[in-house]
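K.L.:
Each chain is listed here by its residues.
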Amino acid sequence: MNFKCELVRSACDAAYGYSDKIVQAAGNLITVDHTIQIANTEGLFTSDRHVRSRMAVNAIASNGTETQSGSCSPGRGMGLEVFEMFTPDYIGNEAARQAIVNLGASYCPAGQMPVAIESGFGGVIFHEACGHSLEATSVGTGCSQMCGKLGQKIANEKVTAIDDGTIAGAWGSVNIDDEGNPTQRNVLIENGILKSYMIDRLGSRRMGMPMTGNSRRESYRYEPTSRMTNTFIDNGPDKNEDIIASMEYGLYARSMGGGSVNPLTGAFNFSVNEGYIVRNGKICEAVRGAALIGTGSEILQDIDMVGQNLATGQGMCGSSSGSVPTDVGQPLIRVSKITVGGR
Amino acid sequence: MNFELLKDTLVSALSQKGIDEYEIYYTSDSDNSVGTLNKEVNTFSSSESGGLCLRLVRDGKMGYASTELMTEGEMRELVERAEQNALATEKPNTVGIYGGGEAYEENRIPEFIPVSTATLRAAAIKSGERLFAKSEKVQLGTESQAVSSGFDIRIVNSHGLDLVCSCGINALVGSAVVMDNGEMQADYALKEFSEDNLDGVIDALATEAVDDALAKIGAGLVPSGKYNIVISGKQMRSLLSVFSSAFSAKAVIDGMSPLVGKIGEAVASDIVTITDDPQREGSSIGLTFDAEGVPTHRREVVASGVLNTFLHNRETAKQMGTKTTANASKASYSSPIGVRPHSFCIEAGDKTREELLGLAGDGIYVTEIKGLHAGANPITGDFSLESAGFMIRGGRLCEAVKSFTVAGNFFELLKSISALGNVIERGVQTGFTAFGSPDALVPDLSVAGK
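Protein sequences, first through last, are from chains A and B.
Numbering (the numbering used here) for the first sequence: 1 to 343.
Numbering (the numbering used here) for the second sequence: 1 to 450.
Hint data in this document are derived by calculation from the structure and do not stem from the laboratory.
Do not take every clue at face value.
Only pairs whose alpha carbons sit at most 27 angstroms apart, straight line, appear in this in silico BS3-like list of lysine-lysine [as the list claims (entries may be wrong)]: (1) Lys415(B) x Lys262(B); (2) Lys91(B) x Lys4(A); (3) Lys61(B) x Lys4(A).
If the Cβ cut is set under 8 angstroms, some of the chain A residues that face chain B in the computed set are [to be verified]: (4) Asn2; (5) Phe3; (6) Cys5; (7) Val23; (8) Ile60; (9) Gly64; (10) Gly111; (11) Gly142; (12) Gly148; (13) Gly257; (14) Gly258; (15) Ser271; (16) Ile293; (17) Ser297; (18) Gln308; (19) Gly342.
Ideal placement from N, C-alpha and C gives every residue a C-beta, glycine not left out.
Here chain A stands alone, though its shape is the one from the complex (with noise of 0.2 angstroms):
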């Protein structure tokens, strides 16, 4: 309990050492060792252990008149030895920044424009845009756009999304899912074609076809339905450098937010924790309170660009099943014209 006080304070301690104008740190550090059994009439009898960690620090910089934050939460589906890899320092710091960032940011303007979303937690586009699409629970009951589009080209051929939930180590890995199947790789989308849902028992009935590993749910007070794991769009063929020089005017949301999407539509929208604007090819100032909104099936198809510093970000997914860690992945993306909402 002192060890992980101590790794808290000193996440907060370097965020307050970041600038003068942090003003409040608020961290916080989950530890869970979560167990399962589970047994069925098929005669399965089966078990696992899931232990995670994750920290959290929220940081708040003012200048006397305005007050801006910034966050930072990384997280693994591992013990203590995460911090080493993400340490209080880096995850102190990262808040701060972020927040001094926002600090001297004017308000994004509104319409729409090209943008390019960075890697990791950039990955909740797809996220939100498709990934719920793709559940059994929306298209098991017909409530999905991508209901009956295996075997088409639902995106831009530089897309490739796969949901891993074999990954070690990764903040949305498990061994079995929580109907007792083991979890595997999925290749979502291959080369912009439709290739697989994510189907849990009851959605594998329903649709007639084989369970894919993605049943999972907070706790047992929740029924088990068709879920994410660790669900990323994996590297493309362009370099990340090409991607912002491509760019004469539009946004480059350097670090998302959380979002939400309604299935049946596929209309989305999500915030930009910290944006700029980028003109003639170079990323200019910052701008604060974006939000990108739009509809799944465009923005797959309007994902032209494609880099190469594939890297993940930690979410919980909330849903019917409760609330459960997914990850979140891409490496830098560029959409060819999207809503920024803004003013």
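Since the structure of chain A is already known, use the hints to place chain B on it.
P.N.:
Leaving out everything else, chain B in the frame of chain A:
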């Protein structure tokens, strides 16, 4: 489970350790629900959950521990864990456990009568059938759910306090998927019901869900620009819920509220009054005491635009040199004491919907806002949110519009509200908190569309 036996075990273990200041917080929730998909029952769930949280003061510091396991052995373990937690805490606790001595209001919340599983099943099936009966455009994927949830809370502490509250809610959710001209849309409605008014509620639920879904078909896009916006009561209350944390004294102390230092100042237009009324008329859930056991009362947090008070628990009140407003809350039995409103409402104004639309002249009536958990920042008040609704032209509702964002700052928005509707849209409680608001006319908000 014998609460008295567990309590005696705890008290004896605490006294053996010489700990004489403690609180036992116990909750028990009972949830039953039946759901249908395409008129057939597809989900049934019944759960009893809850637990016990022990808070104790050891060496002037507060420790917490909680459990779901109601055995005597676990109670002794709980005392150990809470003590360890107190010792690991760095900050001394300045307020301790509530000493009592104040009068409680009479409980005016109607007694909760849970409905039987048979009634839930019938209600879910009837709702599912009624949704399909409303229009031939209703499609597969249409769902209904009937829920009956009861909550019991008991707080016992070392100062002789022993408080009990039981309440609950029966609710129906109808979610309609419709298709017209090859376009699919969906919407939902949520309503409370009892055995007596079930038929009427089912019909109102189905009408609302299907009509709202059909109204979205054929929605067009809006050019970017500044618009007079009428925000529907339902959406305004969602905005209020997200930004309500700014009224929490905890956020103020932590420097995470834009309302710091604004007590006695105008923080909203003078037609805006925001109350927190734990036993608001028509509520199914309400508490005469907060999570520390302090008596609750109705408060005007913002009166005619002027900020009267923040929301406090005993600790924030002590830090700011004032009295608690009895807004101590726990997200669940195991959570630490935080601050939440009870029933937080923007009070009604004097305009009918037609009058509000007339005042707006040309603009947008916003009936749907999404992504509040991400696109709204309670620390700054800034928001930029995916929205949908209807154009207002010449004071009349016209075509549906979608896929635009409305952006602004909630606290600037409160100041610029120029008229309020005369009907409060009150939400169903989640936990022990509910929000409400009438329609609000806000001039000149930024819209990003095509």
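K.L.:
Each of the hints needs a verdict: does it hold here or not?
P.N.:
Evaluation of the provided hints:
Taking the CA atoms of Lys415(B) and Lys262(B), the gap is near 13 angstroms; set against the 27 angstroms cutoff, the hint holds. Among the hinted pairs, Lys91(B) with Lys4(A) is consistent with the structure: their alpha-carbon atoms are about 16 angstroms apart, no more than 27 angstroms. Of the supplied pair hints, the one linking Lys61(B) and Lys4(A) holds, its CA atoms being roughly 19 angstroms apart against a limit of 27 angstroms. With a least beta-carbon distance of about 6 angstroms to chain B, the hint placing Asn2(A) at the interface is held under the 8 angstroms criterion.
Of the supplied interface hints, the one on Phe3(A) is violated, with its beta-carbon coming no nearer than about 11 angstroms to a beta-carbon of chain B, more than 8 angstroms. At about 7 angstroms, the closest approach between the beta carbon of Cys5(A) and any beta carbon in chain B falls short of 8 angstroms, and the interface hint on this residue holds. Hint status for Val23(A) relative to chain B: holds, with the closest Cβ pair at about 5 angstroms, below 8 angstroms. At a threshold of 8 angstroms, the smallest CB-CB gap from Ile60(A) to chain B is about 6 angstroms, leaving the interface hint in force.
The interface hint given for Gly64(A) is violated, since its Cβ lies 12 angstroms from the closest Cβ of chain B, which is over the 8 angstroms cut-off. Here the hint on Gly111(A) is kept, as its CB sits about 5 angstroms from the closest CB of chain B, short of 8 angstroms. Because the closest C-beta pair between Gly142(A) and chain B is about 5 angstroms apart, less than 8 angstroms, the hint holds. Interface restraint check for Gly148(A): the shortest CB-CB distance to chain B comes to about 13 angstroms, outside 8 angstroms, so the restraint is violated.
For the restraint placing Gly257(A) at the interface with chain B, the shortest Cβ-Cβ distance is roughly 5 angstroms, inside the 8 angstroms limit, so the hint holds. This hint holds: Gly258(A) has a C-beta 4 angstroms from the nearest C-beta of chain B, less than the 8 angstroms allowed. Residue-level restraint check for Ser271(A) holds (minimum Cβ-Cβ distance to chain B is 4 angstroms; threshold 8 angstroms). Taking 8 angstroms as the C-beta contact cut-off toward chain B, the hint placing Ile293(A) at the interface holds, the least distance being around 5 angstroms.
For the restraint placing Ser297(A) at the interface with chain B, the shortest Cβ-Cβ distance is roughly 12 angstroms, beyond the 8 angstroms limit, so the hint is violated. Given hint, Gln308(A) at the interface with chain B, is violated; its Cβ is 27 angstroms from that chain's nearest Cβ, farther than 8 angstroms. Among the interface hints, the one on Gly342(A) holds; its C-beta lies about 6 angstroms from the nearest C-beta in chain B, closer than the 8 angstroms criterion.
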